[in-house]
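Asker: Assemble the complex: chain A is given as a structure, and chain B must be docked to it using the hints.
Protein chains: 2
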Amino acid sequence: MVETMRGLKRTHNCGELRANHAGQEVILMGWVHKRRDHGGLIFIDLRDRSGLVQVVFSPEVDKTSFVKAQRVRGEYVLAVRGTVRIRPEGTVNENLATGEIEVYAEELRILNSAKTPPFYIEENVEVDETVRLKYRYLDLRRPDMQQVLILRHRVTKAIRDFLSERGFLEIETPMLTKSTPEGARDYLVPSRVHPGEFFALPQSPQIFKQILMVAGMEKYFQIVRCFRDEDLRADRQPEFTQLDMEMSFVDREDILSLTEELMAYVFWETLGIKLEIPFPRLTYQEAMERFGSDKPDVRFGLELTDVSDLMQDVEFKVFADVIRKGGQVKGINAKGCASYSRKDIDDLTKFVAVYGAKGLAWMAIREDGIKSPIAKFFKEEQLVAIRERMAGEPGDLLLFVADRPAVVADALGHLRLELAKRLQLVDPEELKFVWVIDFPLLEYDEKEKRYVAIHHPFTSPVEEDVERLEAEPEKIRAQAYDLVLNGTELGGGSIRIHRRDIQERLFRVLGLSEEEVHEKFGFMLEAFEYGTPPHGGIAFGLDRLVMLMARKESIRDVIAFPKTQSATDLMTQAPSPVSPRQLKELHIKLDVVAKK
Amino acid sequence: MVETMRGLKRTHNCGELRANHAGQEVILMGWVHKRRDHGGLIFIDLRDRSGLVQVVFSPEVDKTSFVKAQRVRGEYVLAVRGTVRIRPEGTVNENLATGEIEVYAEELRILNSAKTPPFYIEENVEVDETVRLKYRYLDLRRPDMQQVLILRHRVTKAIRDFLSERGFLEIETPMLTKSTPEGARDYLVPSRVHPGEFFALPQSPQIFKQILMVAGMEKYFQIVRCFRDEDLRADRQPEFTQLDMEMSFVDREDILSLTEELMAYVFWETLGIKLEIPFPRLTYQEAMERFGSDKPDVRFGLELTDVSDLMQDVEFKVFADVIRKGGQVKGINAKGCASYSRKDIDDLTKFVAVYGAKGLAWMAIREDGIKSPIAKFFKEEQLVAIRERMAGEPGDLLLFVADRPAVVADALGHLRLELAKRLQLVDPEELKFVWVIDFPLLEYDEKEKRYVAIHHPFTSPVEEDVERLEAEPEKIRAQAYDLVLNGTELGGGSIRIHRRDIQERLFRVLGLSEEEVHEKFGFMLEAFEYGTPPHGGIAFGLDRLVMLMARKESIRDVIAFPKTQSATDLMTQAPSPVSPRQLKELHIKLDVVAKK
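Taken in order, these protein sequences are the chains called A and B.
Read the first sequence against my numbering and you will find it ends at 588, with the numbers running on by one and no gaps.
Read the second sequence against my numbering and you will find it ends at 588, with the numbers running on by one and no gaps.
No lab work stands behind these hints: they were computed from the structure.
Keep in mind that this is a model prediction, so the values were computed, not measured.
Watch out, some of these pointers could steer you wrong.
[Said to hold, decoys possible] Calculated cross-link-like contacts (lysine-lysine; reagent style DSSO-like; alpha-carbon spacing at most 27 Å):
hint	chain 1	residue 1	chain 2	residue 2
1	B	Lys544	B	Lys126
2	B	Lys266	A	Lys149
3	A	Lys576	B	Lys512
4	A	Lys107	B	Lys335
5	B	Lys413	B	Lys467
6	A	Lys266	B	Lys126
7	A	Lys413	A	Lys581
8	B	Lys317	A	Lys149
9	A	Lys576	B	Lys576
10	B	Lys512	A	Lys126
11	B	Lys317	B	Lys439
12	A	Lys439	A	Lys350
13	B	Lys576	A	Lys512
14	B	Lys581	A	Lys512
15	A	Lys581	B	Lys107
16	B	Lys576	A	Lys439
17	A	Lys581	B	Lys581
18	B	Lys581	A	Lys576
19	A	Lys512	B	Lys266
20	A	Lys576	B	Lys107
21	B	Lys309	B	Lys266
22	A	Lys581	B	Lys576
23	B	Lys576	B	Lys544
24	B	Lys342	B	Lys327
25	A	Lys309	A	Lys287
26	A	Lys363	A	Lys413
27	A	Lys512	B	Lys350
28	B	Lys26	B	Lys149
One chain only, chain A, in its complex shape:
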């Protein structure tokens, strides 16, 4: 029989009791973490959000409680009135914050019973993720999951404290908005009132935040849900949370330094970690050249070295041909890997093949010279030059990819990460932020046969480059920036175009007709005619930030109720079929092709 709390009021949280509470009467409420009978006593570890405490039931202290406690099982909900006592010598538990004391129960009420959970409520228990997600309410009882949600709360609180202090206003933007013709795939919401029409859930509040700058709000932020109906990769969710910011009358430096101070504040307030600011910066070009990635992990070396110029005259046809066709040969010096076996190198070759590399050439530097299947195609002085360029020393393994620059960067960029993992070069405690700046504004889209904006068509070019916009579109740098932490892109943004003349020139370079411009960006362009201030902003993936702060592997571990990779909520079984009446009201019919 289940009892009520009536007359009892919790006085303490389980996890906060210490030796200085000894002698006090306390009332605790929580869950049975573990129960054991021992020497005529019953011991229950009682758990609440704050932690665990040991409660002792003794027939000599209170017979009724002792008898009731025999019925208690794991995850029962209890209220306990009792007295805190120092534990007898030799029974102190040093692994437990409350380990110096225990509570002798004088009254026990069973507030609720519980079925046996499908898995133990313990830290670091290995449970299949589908089971964890189906029983998320039990998964979230695990102390480490609770700590993650507490951290997440504290991170958002710190962000809001910092930005409010700096005069930013949090302003809510609509969730039921207009389908955007560019970008990722929208989630759509049929309108009941307007038959045949649809709202879209926002991929980001980009347009609204720029409109808020037109509206003179000057400093805006929002921690906001965003939606993308994409095929989910490991680290994506159909709905995710973004810290979105926009400012007027600022330049790039203002935004970068504000962001740095924000990050320093958040890491200090929530984790007690002091970040060194300002963060180092890499241009896009440098990041691609040295790390083969626009989100470089700079916690370790293994940088890419261009040896193309040394390869022009070599007899090794594969390399020479690539160079002749305008390609590149770049290498990584895998320090201390000269002893890699044939199989190791085969594995690495398969690894780079995933990124399009047709092969992986290698040279092992031994005390007695270079060992390599391709060494015979090189003259001695060529080998010396290569080795020198790549700072090769005895014991090192030089690895090469020859291909178009994009393939070389992608293959070697990923090979670099793979080698770092194998060589355990990464200190998991280390936090290395880096800005990547000066992204290209445009890239040529082979399919569409026109230039497209890499960020979005409101991104401002770097001022010095504006005059060459039409002459050398692919060389124009954007006033865009990404913040990267440990090789993960935390966020990015740009200074926006606020001048109509530049905006119109950019649209022409993008090959958009006036009609297209009107249809796609009409109301926004109209807004921009009424006195738009210079402005810019940045947005961060909050889930990813918290994931890195909590040192978790997946954003699913930092979202209370995440979806699976097939965009399903295993707990509620969403999505699900709806009634014909609901569809009728929304003026839609199903168009489902029966599965074969």
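Answerer: Here is chain B on its own, set in the frame of chain A:
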């Protein structure tokens, strides 16, 4: 030609300059609020989020700026470098916070031009709301709209500060969730990955917040967007924002007193208004009896008086018949309205007819006795008794409605509000909070021929009433409560059922079969079997709270980008048609009946 900010950095906000800045060089950036030529000088009121300041352009100070300033028009965006000077005697503007000073411009840059806006950017300008919503970016430039968004930011900040301090965690719940079979109409989102299936946007996070209590989070809150696809009344929006809270191991008193402290904190921190707490409480029954409403405006009297017992033997058939059929006769004493004309009373009669009242009887108390078309049906002592019961004095007008109790309450409840408006009894500055408690748990649904839950089927009955659940379902009180401010429901909540036995009994009383229960509440009931703590919560309409705090008439005035009553965003023109490809991907077709 438009210029850049390069080399200039804003030093001050316009609205913050005072006499003590005199002699300082300042750099300001903002919008041209007004411009006038006068005596060889040009005066520009420059506006930013902080307010206005007068900038003076003189050919003697800087010829170039003066010439440029001649080109400037309203809403142009400017950067001005200049020196603060005390205004000459006689030109101080006491209506302006910066009215003691002006800024003599030494450099002017035109950062952007502007078309002439469709309405003046002024406070309290009368503009058609459709124009305001279409040009929301201009509407939001008006100082009073900016103040509203600033207040809204401060209110949410204060709520988060208060709740975080009390150990509450803000936890995000999904937006793409399961369609709920009860409640209002859902907005649906077709799934691309699961053909024929749909997500629903949440009407509230009710189920998730209870699940979080099962998960042991203990104290949860969230400021969260909610969605209801209803036909919009004046004060509703398809998407609205809710402050949602839930707590474990608490009883009703804990929730009410926490809420009172929260409101007191928020009003003090944001408006400097000291609320008196605790708030008074009315039972549902008392609220209905005295005010004819479960959201009574208690800023004034005009309470309802039951005179049914005095009417049993009267000759006035209309009243006597109603009483005989189990109805009521109740009245309001309209103080000082004895001189109301026939037309006034006709108007009031039409007014109550809207709420179903078939008539409005009246008795005017004059110095020389009672004047009333029905007086002749009453004996003298009956008139005396009525007058005494209703504290009638010479000059008063007694108004009566006789009908079923629900009609009497609705008609007189609204009549009371209408009279208060006519008699100007309401001090617009006054804030009167009141709790309405002890709502009925169930009501009999004549259409469905069964009892239905007034709040929702997880609301706990009052403990003393539980044993009579099956015997007298309509008399069971719920542990539910609403908070009412000045006659507007701010929010409400309840203690939830956490005991399986009571939940099952309630479902039986609701006439639900085991299958229905499983289908509708299956995963939640399963969750509840794994050790659910006693818990309860409350939720508030944030838009409405801010509306009352800002003394606005419509929630559209406290939402940055609201929708019209036909659920349209006039600025972006959402909803809108989408491409056939998008529909195909979502496995739906349009089912639109052509308009005749």
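Asker: All hints, please: hold or fail.
Answerer: Okay, the hints, checked on the actual structure:
no.	hint	in the structure
1	B/Lys544 with B/Lys126	holds (20 Å)
2	B/Lys266 with A/Lys149	holds (26 Å)
3	A/Lys576 with B/Lys512	holds (21 Å)
4	A/Lys107 with B/Lys335	violated (70 Å)
5	B/Lys413 with B/Lys467	violated (35 Å)
6	A/Lys266 with B/Lys126	violated (47 Å)
7	A/Lys413 with A/Lys581	violated (51 Å)
8	B/Lys317 with A/Lys149	violated (60 Å)
9	A/Lys576 with B/Lys576	holds (18 Å)
10	B/Lys512 with A/Lys126	holds (17 Å)
11	B/Lys317 with B/Lys439	holds (22 Å)
12	A/Lys439 with A/Lys350	holds (24 Å)
13	B/Lys576 with A/Lys512	holds (21 Å)
14	B/Lys581 with A/Lys512	holds (24 Å)
15	A/Lys581 with B/Lys107	violated (45 Å)
16	B/Lys576 with A/Lys439	holds (22 Å)
17	A/Lys581 with B/Lys581	holds (5 Å)
18	B/Lys581 with A/Lys576	holds (11 Å)
19	A/Lys512 with B/Lys266	violated (50 Å)
20	A/Lys576 with B/Lys107	violated (45 Å)
21	B/Lys309 with B/Lys266	violated (52 Å)
22	A/Lys581 with B/Lys576	holds (11 Å)
23	B/Lys576 with B/Lys544	violated (44 Å)
24	B/Lys342 with B/Lys327	holds (20 Å)
25	A/Lys309 with A/Lys287	violated (33 Å)
26	A/Lys363 with A/Lys413	holds (25 Å)
27	A/Lys512 with B/Lys350	violated (56 Å)
28	B/Lys26 with B/Lys149	violated (34 Å)
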